[in-house]
Amino acid sequence: MSAGTQVHANLTEEQVREISDGLDEPDWLLETRLEALAALEDLEMPDVIRTPGRDWTNLHELDFESLVDPLNAAENKDQVGPEDAEVLPWSEAVADHEDLLQEHFGSIVDPQENYLTALSTALFSTGTVIYVPEGVDAEDVTVRTEQNSRSLFNYTLVITEESSSVTILERQSTGEEAAEQYYSGVVEVAAGENSYVQYGSLQNLSEDAYNFTVKRGVADTYATIDWIEGNLGTQLTKTEVSTTLSGDSSETQIVGAFYGHNDQHFDLDAKVWHRAEHTTADLVTRGITDDVARSVYEGVQDVGADAWDTSSYQRENTLMLSDESEADASPKLIINNHDTEASHSATVGQIDAEDLFYMTSRGVDPRSARNMLVEGFFVPVLEEIDVDELRDDLEELIGTRLRERE
Amino acid sequence: MSSDQDHLQETDTEARFEFKKEENAAVKSDKGLTEEIIRMISEDKDEPDWMLERRLRALEQYQNMPMPSGWPGMPDLSELDVEEIIPYIRPDVDKREGVDDWTELPDEIKDTFDKLGIPEAEKNALSGVGAQYESEVVYQNMQEQWEEKGVIFCNMDKAVQEHPELVKEHFMTTCVPPSDNKFAALHGAVWSGGSFVYVPEGVTVEMPVQAYFRMNSEGMGQFEHTLIIAEEGSEVHYIEGCSAPKYGTHNLHSGGVEVFVGEDAHVQYSTVQNWSKNTFNLNTKRAICEANGTMEWVSGSMGSKATMLYPCTILKGRGSTDTHITIAFAGEGQDIDTGAKVYHNAPDTSSTIESKSISKDGGRTNYRGLVHIADGAENSSTAVECDALMFDNESTSDTMPYMEIEESKVDVAHEATVGKIGDEDIFYLQSRGLDDDDAKKMIVAGFIEPITEELPIEYAVELNRLIELEMEGSLG
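Those protein sequences? They're chains A and B, same order as listed.
Residue numbers 1 to 406, in our numbering, belong to the letters of the first sequence in order.
Residue numbers 1 to 476, in our numbering, belong to the letters of the second sequence in order.
The set of hints was computed from the structure by calculation and includes no laboratory data.
A virtual CB, placed ideally from N, CA and C, is assigned to each residue, including glycine.
There's no promise every hint is true.
Covered stretches of chain A, as calculated for chain B (at least 3 residues, CB under 8 Å) [said to hold, decoys possible]:
id: 1; segment: 15-21
id: 2; segment: 25-37
id: 3; segment: 42-53
Residues of chain B clear of chain A, computed beta-carbon distances all greater than 10 Å [stated by the list, open to error]:
id: 4; residue: Pro66
id: 5; residue: Met390
id: 6; residue: Met400
id: 7; residue: Ile426
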């Protein structure tokens, strides 16, 4: 479908200028926004998987015109971190670190990559810049966003200098319950040489909300970027988490957990681009579909011709708790260098009847047995999370949702 | 059959030359395929009206359908000018019935067979040299034995004449309708030749049904149609002899294969494909499996410039089973995009897909698979396993599985691995006195064994030899 159908009649340059003025942004940034706005007309929706007779996710049905309300954005935000790292709200970052922004903004996620990235670039009104200087180990950076408006566009930039490290926990939730909301987030991570980033995210927006997120990182030599991606909220989520391993011996791990129930639809991408020598990637996603929920998973491991001595692994497992739910998966391997050890696997199934029988025969009632097995199913994913708070929250949310279940 | 050909040669010369003129005119006027040409083909074959009507409908569908596009990593078809297909509907008249003599074959083909070490008689059959005569002798006896049991095995054009009811019911109706994809539609319009196999209820055809002979049977083998109907409780193994490289002038192969597997029936369909390296191989192959039926696809894809082929099984009846075993080898300039499609549309169905690929010297292999488990297909299971072996960093090996799971009581697993030939394995073999090349060949032979062990010995030998020759880089 042509993106032309999505153009907003009611989005104007004046609105974009007003947002940019309000944040006291320099001209180049305003220009970037205006160019993104102008490009909307020609841009397509993000790619979704197509198989004979169907698109796995339909983004064209969303009525962006009515969902997007750029001048009335409102949120509650916590942006906190240790003293030796800088965790800056967007307006402060604009004032203090224009050079950093100029270098990195839009360098990892192209503002004009697709319709939704351009919309986000043109209209974002809130954001966080996390800057970790050389040699600093920064723990417990927390960015919490509570959305209190019809639409919210959020931008996050993480820059780690040489031999630094940081753990970041980001959470999105909905405050005042509005009927339908749209949350859009762009995250760029530039991991300097030998630095370490763990970026954990817990999306628990209202189940009336729509969500589009791109999180992308570039890892320099010896750098590591680890992503934790928890998805529980929204009625429709389209999200991508990806790492480009551009420096020799860089590494990445993408760990995902999702739990879809009712009529939720999660379209989750995990992608890694091996572009240097001796790089390693490990992608692990586990999730549940219940009721009439649907999960769509695309995993890509792309090994470039120059990526000698690559190791790349991917696993995706979905547990279906209901017959009416659907779990679609496409784990892709694209290998251009033979000096590679790569594997991927995906499984879909239901709770193992034997396990259930074993537990019930030991006196556990069937419902508790089922809940224990589901909680156990997530353990391999939970184990990978460095930040205790994120792990505990995720575990609790899964447990709560499970116990709500009849 | 030979008298048919004589008849054709004697009486249809004028029609054929006229046809040729039409063809050239069409190219000049840039119209592509025309109704006139389709009518000409049908008339030339003396077909009944219903078949002509199907061709014309397929033509219309072809003209209204877009080329495949937007597939991630799909082979480059830009050099395939569909408008230019016209000359290839009919290879030039001289070669229409195959060449008369071994010496008239293109050097590339002769050379290949010499290197394969295939005996002269077999070479003749493989290359289509007087194939009808040579092979008829060979296969006639077998045919008689089958006929006694009610088995029908003949070429497709003949089946249209002699078994219209069966063909009418099954030909491009429910299994591969022309609307399936652009090349299925093209096939439906210009199809010619191919095999028809009918196995009555309860009959087991012990010997594999081999279709070497059809390569040149009507001279238009690149659009051949294969229709296999296996009635309840029957069993048959069909082997497609695509092992003969085609003449250099052919640049598009767009065949159609339809298999009807009755209740409790068992069909194995094996292909060893080695098209010349300027051929676009865009086939549609599909089976429909009734309750407790079993379909097995075994294929080795060696040749072609680009292949897009995803044999498909629709598991329609409860308890039906599908097995895919495929191997692809892509050398320099080749893009072999192949895989499997399985639709689990009934409870208690199962499928296994085993795919192996080897890429070398800049070749690309891709496994593209779709497993669909429909809501209600309880207790179904599928296991997909893909292994890729790569020789160098010029080559590419991709794996793109798609899994659509609408039913919870299932067991779905996909696994894929990619790796280079193990240095340790080579070192081990070298330390036992093998040179580097032999060590690699031996490892590859071991790698493809799951395929070769499914094939009758002569095909297995041939596949092994073809791969060895590819590895030496000495094959056309």
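Hints and how they fare:
Given as covered by chain B, the segment 15-21 of chain A fails the check, having 0 residues with a CB less than 8 Å from a CB of that chain where 3 are the minimum. Counting residues of the segment 25-37 of chain A whose CB falls under 8 Å from any CB of chain B gives 0; the rule of at least 3 is not met. For the segment 42-53 of chain A, the proposed coverage by chain B is satisfied: 4 residues have a C-beta within less than 8 Å of a C-beta in that chain, meeting the threshold of three. The non-interface label for proline 66(B) is consistent with chain A: the shortest C-beta to C-beta separation is roughly 13 Å, beyond 10 Å.
A Cβ of chain A approaches the Cβ of methionine 390(B) within 10 Å, the least distance being about 3 Å, so the stated non-interface status is violated. Interface exclusion of methionine 400(B) from chain A breaks down, the closest Cβ pair being 5 Å apart, not more than 10 Å. Against chain A, the non-interface label of isoleucine 426(B) holds: every CB pair exceeds 10 Å, the least being about 13 Å.
Checked against the numbered hints given earlier, this structure breaks hints 1, 2, 5, 6; the rest are met.
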